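Here is what each chain is made of, one letter per residue.
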Amino acid sequence: MNYDIVLGLETHVELSTKTKIFCGCTTAFKGEANTHCCPICIGLPGTMPRLNKEVLHYAIMAGLALNCKIAKYSKMDRKNYVYPDLPKAYQISQHDKPLCYDGHVTLSNGRTIGIERIHIEEDAGKLIHEGGATYVDYNRGGVPLIEIVTKPDFRDVEEAVEYLELIQLTMRYIGVSDCKMQEGSLRCDVNVSVKPSSQEELGTRTEIKNMNSFNNIRKAVNFETNRQIDVLSSGGKVIQETMRFDVENKETSPMRGKEDAQDYRYFKEPDLVRIHIEEDEVLKIKESLPELYGEKLKRYVEEFKLPVADAKLLVEYRKVAEFFEESTKNVKEIESYKNCSNLILSMIFAKFETETEKEEFKILVSAEEMEKLLNLIETKKIRNNMAKKTLDEMLLTGKKVFDIISEDDLKGLTDEELEKICSAAVEQNEKAVKDYMSGKVKAIKSLVGFVMKETKGRADANLAEEILVKILQQKG
Amino acid sequence: MIFKFNELLKNRKISSLELTKKYFDAIKEMDKTLNSYVCLSEDEAFKTAKLVDEKIAKGEEIDLLEGLPFTLKDNISTKGIETTCCSKILKGYVPIYDAFVWEKLKEKNAVLLGKTNMDEFAMGSTCETSCFKGAKNPHNTDYVPGGSSGGVSAAVAGGLCAYGLGSDTGGSIRQPASFCGLVGLKPTYGAVSRYGLVAFASSLDQIGPITTSARDAAIVFDAIAQKDIQDSTNKGAKEKTVPHLNDPISSLKIGVAKEFFSYGDEEVLKHVNEALKTYEKMGATIVEISLPLVDYALMVYYIIACAEASSNLGRYDGIRYGMREGGYKNFHEMICKTRSEGFGKEVKRRILLGTYVLSAGFYDAYYKKAQLVRGAIVKEFRDAFEKCDLILTPTAPSTAFKAGFSSLDPILSYMADVCTVPINIAGVAAISLPCGFDEKGLPIGMQLIGPNFSESRLLNVANMFEEETNRCYFKKVLKGVYPDEL
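Here the protein sequences come in this chain order: A and B.
For reference, each letter of the first sequence is one residue, going 11 to 486 in the working numbering.
For reference, each letter of the second sequence is one residue, going 41 to 526 in the working numbering.
No lab work stands behind these hints: they were computed from the structure.
Misleading hints may appear alongside valid ones.
What the hints assert, rightly or not - Computed cross-link-like contacts, EDC-like style, restricted to lysine to aspartate or glutamate with a CA-CA straight-line distance of at most 20 Å:
hint, chain 1, residue 1, chain 2, residue 2
1, B, Lys377, A, Asp95
2, B, Lys321, B, Asp305
3, B, Lys369, A, Asp95
4, A, Lys410, A, Glu381
5, A, Lys79, A, Asp290
6, A, Lys339, A, Glu388
7, A, Lys40, A, Asp106
8, A, Lys85, B, Asp404
9, B, Lys409, A, Glu343
10, B, Lys280, B, Asp103
11, B, Lys146, B, Asp93
12, A, Lys348, A, Glu379
13, A, Lys329, A, Glu381
14, A, Lys391, A, Glu343
15, B, Lys515, B, Asp182
16, B, Lys419, B, Glu299
17, B, Lys369, A, Glu140
18, A, Lys399, A, Glu388
19, B, Lys148, B, Glu94
20, B, Lys408, A, Glu381
21, B, Lys119, B, Asp103
22, A, Lys322, A, Glu336
23, A, Lys190, A, Glu343
24, A, Lys89, B, Asp404
25, B, Lys516, B, Glu94
26, A, Lys28, A, Asp273
27, A, Lys161, A, Glu210
28, A, Lys107, B, Asp404
29, A, Lys278, B, Asp404
30, B, Lys408, A, Asp106
This structure is a prediction, so every number in the text was calculated from the model and none was measured.
Work the whole structure out from these sequences, hints included.
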């Protein structure tokens, strides 16, 4: 029998607001244990939360970027459960009135994934097990999170991974989160179910908690879907339960039995007032949103005629795309976009070693200087290799284009001058000439190289080769 | 009383330091039987008193509350001073921050004598669920001072402080004020910041003054009822109340709802009715109103208060502060043992009740329904205040209980809150003031209820009653410190 796989994702994204969701403590990652804390975020008796407006703003940005509707009224609720990393024994979250709802994203295969809701909540602290004892670090407690819940719309794990990459890019783009899986600012739970292809209704799902890498998601989902298919095809029933993924053994196993399923006893947080969101405010945020990843990618391919692969690399990092667009804003030839893209991808990216460096995009060349360089190429005053050499020096020294390229360099070559240098090349390179004459056609390259060197790269290599061949033919 | 003390200090008849010493002497002598204080803050008190004396010596102006000794209920956070809520589980917990109300009084150089006894986590109406020995009623030490702010009312009535701050979730300021012959104000929900008040039921809790007169209550209320951004539910008071204390009350319409008179003892009802006549004599009109939903308020209260408490008290796990019971094998066991040992019986009962009503499968039948009824009660009070300015009721159906009352059937003791609880459910303001004594000589209190942010009017109407009756219902019962004896 054939089975269909159905997946849904619950993604936690840590927002990069300056301060925590209910107090003024910093949200900075790391830091000595329990130094980013105050009476409020460690839940001392008598303290009360105060909602950080920036969190609302960021969450609404995220909601709009994922095509969600924004609630006019929303509220915070208490989710009660006991765990040492949760100092109040409840998490302030949103239960039945999420801030954003009813959104969607479109995948590259054209399929639409529904976003059921996005809500805001506080993160918990962390347990540290050391020397047989357990310690709690509350630095992360109270860091704002959004939880993005999709509909069960994924049909395979690759769709889920693409969706997550899209979430990551989108959140970075609008600047609400750095979405670093390894630092835990992007985490997700995967709901997995399978059903016989002939069956309409969905099968019973299990939830795999706390996935922190794309690879583990692939492994966990594959293991879990195979497990469920085995259960079903041997006549059994899948039990609705929460699973953990064991990275070492690459298998999923239940976290807790059904009998002690969590009852969070949600109720409205009485220490906070209802949240009212003005339509004007939402409109303002909408207008302030930058062009999103998907739209930008489409534009780069359609308008700038860039290959999809190249466009993706440029668009992936907002600052790179900004530099690209700023540098090419006045170009006249469609070819110049390609030139700019090539220079960025070959020359500038070569200087970066980490993703973070690409993201930060700290270089010594301004878009203004890059524009000048592109203009020189466009007006054929310099050739590509000259441009590369110049850019390389600019990146190293921070010099301006015209500090490196002199007036002489820009004069260009007349056909007569070029012919003269070509003749000289033939005269001064006996061996190459001999080789060429004896049938080693490739020897012409060494003559072209001579010409390029003599002209400091100003010559058009193709033209030079043409002239050289002509001279050699006359000779022969 | 506050005014008189202030005159004495300003005219240098007594220094703040001398006054403070007198209070501590009185406490050390009388509190052996009264048990009103659970912790004294002598260093803090003397430091402030000296500071105020220096100001006076320099001829600087001093505020009404400056240099004047007072007390805080033990659920109000005080930086550097133990705050236990009279629960074993918080023994040894010393806050690292100040409650907003204490901050405001500190700014005025008020002299904090110490923290006063209460029912554990403010759950009770006798002061007997305290993990310390329960406080006694200064009018007769065989009787309880009421609760949960029983320590404050005992201390104020016994002359062991000039005034005190309590908290009121279902009557915890008004009922002890009534039992001890004092004035107790439960401000409108949102008038006084709750920041630093250890939460019992967050949507019902309010801090307010317990004093010997309406005027004192007004002075203290004005000092603490300020807007505080740390409490999102706080708005601050509408206006200063002291300037309105003597506003005329001849056009006043007082509502009387039979629902509030169906539980009271005969003696209590008699005195409350006499007070009504006094008001009539003063020119007020009595209007009959009906508040039929009030009968459901007690049920609604025990669902909502317990639900919120079960969540608020979840944090006492022995990990970060307070006591931790030993002999555990894992954190789950540690939390279980700590909570089993640290909480008293009444607190456990309410945590269990609250957890139950919020549980999946019961939520709709209890918590959700209670919220709906609460909404209807809010509306009923709003409608009632279309017909009258204030509502007058007994504060409690009886005078003070004999010690040991709380060990009786809990339902019976919950019934004692029947007149005060609806006010917290509706979120409106109310004040209790003395209006007589029963045959045993125990004080009787009446309650005036006003719409949201009507504290000015309530204090005004209470003050006019005191003036009309020559303050004959306030009685000095112990050898505490009183301004006219200095």
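Cross-check of the supplied hints:
no. : hint                  : verdict
1   : B:Lys377 <-> A:Asp95  : 19 Å, holds
2   : B:Lys321 <-> B:Asp305 : 24 Å, violated
3   : B:Lys369 <-> A:Asp95  : 18 Å, holds
4   : A:Lys410 <-> A:Glu381 : 11 Å, holds
5   : A:Lys79 <-> A:Asp290  : 14 Å, holds
6   : A:Lys339 <-> A:Glu388 : 13 Å, holds
7   : A:Lys40 <-> A:Asp106  : 33 Å, violated
8   : A:Lys85 <-> B:Asp404  : 19 Å, holds
9   : B:Lys409 <-> A:Glu343 : 71 Å, violated
10  : B:Lys280 <-> B:Asp103 : 15 Å, holds
11  : B:Lys146 <-> B:Asp93  : 15 Å, holds
12  : A:Lys348 <-> A:Glu379 : 17 Å, holds
13  : A:Lys329 <-> A:Glu381 : 16 Å, holds
14  : A:Lys391 <-> A:Glu343 : 14 Å, holds
15  : B:Lys515 <-> B:Asp182 : 18 Å, holds
16  : B:Lys419 <-> B:Glu299 : 16 Å, holds
17  : B:Lys369 <-> A:Glu140 : 16 Å, holds
18  : A:Lys399 <-> A:Glu388 : 16 Å, holds
19  : B:Lys148 <-> B:Glu94  : 14 Å, holds
20  : B:Lys408 <-> A:Glu381 : 65 Å, violated
21  : B:Lys119 <-> B:Asp103 : 23 Å, violated
22  : A:Lys322 <-> A:Glu336 : 17 Å, holds
23  : A:Lys190 <-> A:Glu343 : 38 Å, violated
24  : A:Lys89 <-> B:Asp404  : 17 Å, holds
25  : B:Lys516 <-> B:Glu94  : 31 Å, violated
26  : A:Lys28 <-> A:Asp273  : 33 Å, violated
27  : A:Lys161 <-> A:Glu210 : 16 Å, holds
28  : A:Lys107 <-> B:Asp404 : 17 Å, holds
29  : A:Lys278 <-> B:Asp404 : 14 Å, holds
30  : B:Lys408 <-> A:Asp106 : 13 Å, holds
Figure legend: structure checked against the earlier numbered hints; hints not met, in rising order: 2, 7, 9, 20, 21, 23, 25, 26.
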